[in-house]
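Take the two lone chains and join them into the complex the hints point to.
In order, the protein sequences belong to chains A and B.
Going by the working numbering, the residue at position 201 of the first sequence is 201; the numbering climbs one at a time, nothing skipped.
Going by the working numbering, the residue at position 206 of the second sequence is 206; the numbering climbs one at a time, nothing skipped.
Treat the hints with care, since some could be wrong.
Stated by the list, open to error - Below, computed lysine to any residue pairings styled on SDA-like, alpha-carbon distance capped at 25 angstroms:
no.	chain 1	residue 1	chain 2	residue 2
1	B	K6	A	H310
2	B	K53	A	A42
3	B	K6	A	E303
4	A	K391	B	R99
5	A	K36	B	S192
6	A	K391	A	G295
7	A	K391	B	A19
8	B	K6	A	D66
9	A	K456	A	A416
10	B	K6	A	R94
11	A	K36	B	I41
12	B	K6	A	S248
13	A	K387	B	R14
As the list claims (entries may be wrong) - Stretch by stretch, here's where chain B covers chain A in the computed footprint (C-beta under 8 angstroms, at least three residues):
no.	region
14	37 to 49
15	52 to 58
16	202 to 212
What the hints assert, rightly or not - Interface residues of chain A toward chain B, partial, derived using beta-carbon atoms under 10 angstroms:
no.	residue
17	A186
18	S222
19	W275
20	G281
No lab work stands behind these hints, which were simulated from the structure alone.
Cβ atoms here follow ideal geometry from the backbone N, Cα and C, with glycine treated the same way.
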Amino acid sequence: MPARALPMFPQAAKRALENTQLRRNMGNATSTIRQKRANVVAEVVDWEALRSAGSAIKQRVMRHLDEYLLQLEAAVQRAGGQVHWANDAAEANRIITDIVRATGVERVVKVKSMATDEIQLNEALARHGIQAIETDLAELIIQLAHEKSSHILVPAIHKNRSEIRDLFRSTIARGQELSDNPKELAAAARHYLREQFFTAQVAISGANFGIAETGSICVVESEGNGRMCLTLPQTLITVMGIEKILPSFEDLAVFLQLLPRSSTGERMNPYTSIWSGVTPGDGPQTFHLVLLDNGRTNVLADEVGRQTLHCIRCSACLNVCPVYARTGGHAYGSVYPGPIGAILTPQLLGIEQAKSLPYASTLCGACYEVCPVKINIPEVLLYLRGKITEKASALNPEKVVMRQLAHIFASPRRYAQAQQLARTGQSFFIHGQVIDRLPGPLAAWTVARDLAPIPKQSFHDWWKQRQSEQVQEPGAGSASMSSTINQQEDQ
Amino acid sequence: MSESVKAIMLARIRQAIAAAPEPEPVQPDFQVHDERDVATIRADFTQNLLDYKASVINTTAAELSRQIAELCLQERIQRLVLPVDVPVSWLPAHIQALRDDPPLALRDLDACDAVLTGCAVAIARTGTIILDGGERQGRRILSLVPDRHLCVVYASQIVGLVPEAIAAIQERAGHPITLISGPSATSDIELSRVEGVHGPRSLSVLIVQDR
Ligand code: SF4
Numbered sequence: 001m002p003a004r005a006l007p008m009f010p011q012a013a014k015r016a017l018e019n020t021q022l023r024r025n026m027g028n029a030t031s032t033i034r035q036k037r038a039n040v041v042a043e044v045v046d047w048e049a050l051r052s053a054g055s056a057i058k059q060r061v062m063r064h065l066d067e068y069l070l071q072l073e074a075a076v077q078r079a080g081g082q083v084h085w086a087n088d089a090a091e092a093n094r095i096i097t098d099i100v101r102a103t104g105v106e107r108v109v110k111v112k113s114m115a116t117d118e119i120q121l122n123e124a125l126a127r128h129g130i131q132a133i134e135t136d137l138a139e140l141i142i143q144l145a146h147e148k149s150s151h152i153l154v155p156a157i158h159k160n161r162s163e164i165r166d167l168f169r170s171t172i173a174r175g176q177e178l179s180d181n182p183k184e185l186a187a188a189a190r191h192y193l194r195e196q197f198f199t200a201q202v203a204i205s206g207a208n209f210g211i212a213e214t215g216s217i218c219v220v221e222s223e224g225n226g227r228m229c230l231t232l233p234q235t236l237i238t239v240m241g242i243e244k245i246l247p248s249f250e251d252l253a254v255f256l257q258l259l260p261r262s263s264t265g266e267r268m269n270p271y272t273s274i275w276s277g278v279t280p281g282d283g284p285q286t287f288h289l290v291l292l293d294n295g296r297t298n299v300l301a302d303e304v305g306r307q308t309l310h311c312i313r314c315s316a317c318l319n320v321c322p323v324y325a326r327t328g329g330h331a332y333g334s335v336y337p338g339p340i341g342a343i344l345t346p347q348l349l350g351i352e353q354a355k356s357l358p359y360a361s362t363l364c365g366a367c368y369e370v371c372p373v374k375i376n377i378p379e380v381l382l383y384l385r386g387k388i389t390e391k392a393s394a395l396n397p398e399k400v401v402m403r404q405l406a407h408i409f410a411s412p413r414r415y416a417q418a419q420q421l422a423r424t425g426q427s428f429f430i431h432g433q434v435i436d437r438l439p440g441p442l443a444a445w446t447v448a449r450d451l452a453p454i455p456k457q458s459f460h461d462w463w464k465q466r467q468s469e470q471v472q473e474p475g476a477g478s479a480s481m482s483s484t485i486n487q488q489e490d491q
Numbered sequence: 001m002s003e004s005v006k007a008i009m010l011a012r013i014r015q016a017i018a019a020a021p022e023p024e025p026v027q028p029d030f031q032v033h034d035e036r037d038v039a040t041i042r043a044d045f046t047q048n049l050l051d052y053k054a055s056v057i058n059t060t061a062a063e064l065s066r067q068i069a070e071l072c073l074q075e076r077i078q079r080l081v082l083p084v085d086v087p088v089s090w091l092p093a094h095i096q097a098l099r100d101d102p103p104l105a106l107r108d109l110d111a112c113d114a115v116l117t118g119c120a121v122a123i124a125r126t127g128t129i130i131l132d133g134g135e136r137q138g139r140r141i142l143s144l145v146p147d148r149h150l151c152v153v154y155a156s157q158i159v160g161l162v163p164e165a166i167a168a169i170q171e172r173a174g175h176p177i178t179l180i181s182g183p184s185a186t187s188d189i190e191l192s193r194v195e196g197v198h199g200p201r202s203l204s205v206l207i208v209q210d211r
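Chain B on its own, in the form it takes in the complex (with noise of 0.2 angstroms):
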């Protein structure tokens, strides 16, 4: 049955096609690389994420897991969930931190104050963070139920436009990702932003010299 529908929507899009023309090839001459200097791209990053109400913390690999815990500190965030092969470096004393390993269940995860990840790629033109399952991100479900989201980016991993960043996680295209920009939002009633919606209520980016 699905075979012989499958036939026909395929018959009937050759003959609709039959007599089109062979297009123009593509023209790639839109900017596939930023030109900027590595300062004005981080600046850009941050303001963009100022923008869409994320906060931004600037640090260093050495006072990384000391930011973290002012953070949490500052948030209230008592339970603290962990994708399993974030570093202990990054880990604040006093804070319960919750190893994803086993996979939490979702209503553990529903008690979680806030998620640390770490990312794949981050774009500075949209100020956009890219998860993509990898190193140090977890499952797509980490970053989506608890209320807040602390990701730490390093220098190294921002990117200045959106094609530099699609072909960093080109080869991860067949895992599931995530671009996240700022934290979830609604503009659904009268055009009035809301920020928090389903999915964190917040996001914090903590931006890691390492270069």
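Here chain A stands alone, though its shape is the one from the complex (with noise of 0.2 angstroms):
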């Protein structure tokens, strides 16, 4: 990964709102996606208990990953497959590059992988003369645009109908007659990719389950673009985040409901293909499997982190965040956008290169609801937070603010003190009623938001003017209790 400091949220978020086309867009395509999802889940009556075994088996793999990684390296190796393993972006990209380079082939065909676009797989094989081509439909869109993906299932859900058009009839459908109907669009790209599955020798996948037990890998698709590339060409190879594993085939039953109902609110994704090795005489006779880190090791190491890890990248999540249904997924900076890009991205990168994403949610807890395997975001978001601000320095703002705070807050006599103060200097800070702006580092507070001033008279301040206002009428229960809260005071 480079060390390089991701664009901050904030002015990232600024410029996506101001995209309306981007905010309709995304508004409408996480809504419907939403609305998908709610209906066909609603449909399993037993879907919390699915939700609860996915989360367990994910926290068993995580606990023996180590065993359960070298079962799995085992299996493939048995069925004829090869197995590498990466420590970081680079060495995979060079293993990958190696095997490219050793067939002789300048092109080679891809399927959707968020993992190989963690690592930059594209532009490292780019540096050696090798076209890597996308076959999934939006990632395909996205390449030829020269964009970044703005949504993990429907990468290219911010570019409409006709802008697609345009951008195929100056590409790959170059001269042809077209209409920006999503059917022929549609058609114009199975005809451009129809002649690169045909043609092409190796393949290029991620991976959405590896099985330890059996060394099985599961692909989950919808287009039949997967099935090309995991047929079609003689040499295959895979790239897998280590945390991918299942134990067993049977969690298979776990994993294949719980998937494509959280993803695209379908019951079932139109394809999904499973294999082990190589087998003579039907499909590719060369796999080659390779094992990623790049970070997440580190991401194992933290207690509450960890639980990260677990993501199946459905999408879920980013589907019900508010904050993500406005900004859209570019705002994010890094591959992973959503709610579990906020806690995903600072982690795999270190903190200090992603330190406004934690930030980036309201903290609704609607992403915790939705999750099939039971990650707790917000509390990993908090728990990050709490990490950026430990690390920050003593003259950090927040850290200075809440360090006075916490000393006011400690007497009663200095916290009338202070309301007292407030009370006398907001008056230069309110305007039609609300405080909408405040000085010096308390500025970032009211950006986005207005402060509703502090009353003239407190609470307390009125209990004590109607025990007094009471005392020359005296009633029993309420003098004893007056009498408590001025010892308390007194103290």
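Printed below as a string of structure tokens:
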């Protein structure tokens, strides 16, 4: 991973919010998929039991990751595949580039894979004169447009049909009549890609699951581009994050229920491919599995952050997130957007590289509720925020303010004095009944929020006043209560 | 080189989890068996296939080849490709059937209009058929390249739930397995669903009553 800090989320989000088309597309997409998901999840009576099982299986995987990886390696080798281990992006890219170069080809076809985006494999291959062709329709669109993904599941959702038509007419369908009907656009992509599939000798894929027990790799998709890549070329290279393991084949019974319903909101996605090593006479005859760390062991070492590795990249948390639905994926500046990106990216890259991301959330908790493997995203967000503040210098405004507040709150007398002072001082900042601009470092708070001014009289003062008025017409109960309060105050 | 990378990664993993507590055992308290009666399960299978734009034909063993012939006529299928071991009794007359024996070249396969296969097991709750390369299913490429897929499912092969299907194919885990739910589809352009991208553009399922 390059040790380059990501752009700050608030600035990137502001730019994204100014793009009304993006905002409208994002709003539509997230609410449509959200609704579809809710419908198909409601059909499953044992959904909560499945979520619990999914979470428990993943916990098991993490606790015994070393054993499962060794088991997977042995099973893949037994089935005629080769297994490679990669510490980081550079190592993975080198391994893959070497394999491709040994075949002598200059073009490979690719199945959509977040792991290969994460390690920037396409760029690495290009440096060695190897062209990687994305075959998922949305990935192809953004590759042709030289753009970045805005959503895990539907990466080109920020583009309209007419933009896609124009793009195709200037790239893969040059000189062809083409309307902006999605059916025709999909047909144009099919026509172009079919020739690529038929002539490619090497394919590169990611993996949704890797089964330790049987050495099976599982890829879940819709269009059939995955099947083409996994079936036609002679050589197949699969890049898999080490956390994608499942212990046994029967665990698929849980995850093949959780993933499609959470992801596309379908009962089952159109195609799921499962294979183990090579099969004589059926599919690629050379298979390489690259096991990728690239920061994952750092996440694994963190007691609270560890659960982030349970993620099956379904994107349900994106679609329910009020922040993501408005800014879209680009504002997160990383391969992994939305709530999962806000916790995964800072942990993979190092918190210094992405310290604004854990704040890209309202902590509403919707992500936790939909997560099929029960990752407590708000908990991890808060935890990461804590780490960021801890690391900040003693002169960090938030720290200074918090220290002062702690001092003030510790004594009722100081608290009352501070209130009095604030009541006098605030008059400079009240505009139209609200405080809309605080001075100095406090300004950060009011950029996006108005504050209600402190009332003229505090509850405390009001109570005291009320009591002193009542003393003139005494009532037993309230008098004793009043004395208790006074006693406390005197301490 | 690679061995040492592996050793380093494993060492880092072991260090990372050294203090991690042993998690609770997995509670398999999700449904693993469908309690519904056979007719309901079958109806559910049909409904879910239709939902995903597959077509469904209910038939009997005696009627099967006639139904296939009719389907070929309707869909203007002239060249039909078959896995080596599809029984002759399935085959319609008047149709040019090409056996994948010896294995067909990719371009020849591409010139076929449709493929006819059986399946290993089918899942009602999701409208899924599963091919595991076993009897009457052939190589993966056969059900991928031709434009149309005709799939024969015996009623006795239909299970209710995903866990039942996974259990049924467990012993075939080493073979290439494909789960198919409807024709290929994309929603990548403005989320509007288009059926027929790279995989077959249509899926017809013939359900044969055998119990
Ligand atoms: S964190 Fe959970 S909801 Fe979000 S993508 Fe990962 S698995 Fe899905």
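Quick rundown of the hints versus the structure:
no. : hint               : result
1   : B/K6 with A/H310   : holds, 22 angstroms
2   : B/K53 with A/A42   : holds, 22 angstroms
3   : B/K6 with A/E303   : holds, 23 angstroms
4   : A/K391 with B/R99  : violated, 68 angstroms
5   : A/K36 with B/S192  : holds, 13 angstroms
6   : A/K391 with A/G295 : holds, 20 angstroms
7   : A/K391 with B/A19  : holds, 24 angstroms
8   : B/K6 with A/D66    : holds, 10 angstroms
9   : A/K456 with A/A416 : holds, 13 angstroms
10  : B/K6 with A/R94    : holds, 15 angstroms
11  : A/K36 with B/I41   : holds, 23 angstroms
12  : B/K6 with A/S248   : holds, 22 angstroms
13  : A/K387 with B/R14  : holds, 24 angstroms
14  : 37 to 49           : holds (count 3)
15  : 52 to 58           : holds (count 4)
16  : 202 to 212         : violated (count 1)
17  : A186               : holds, 4 angstroms
18  : S222               : holds, 5 angstroms
19  : W275               : holds, 5 angstroms
20  : G281               : holds, 7 angstroms
Of the numbered hints listed earlier, those contradicted by the structure are 4, 16.
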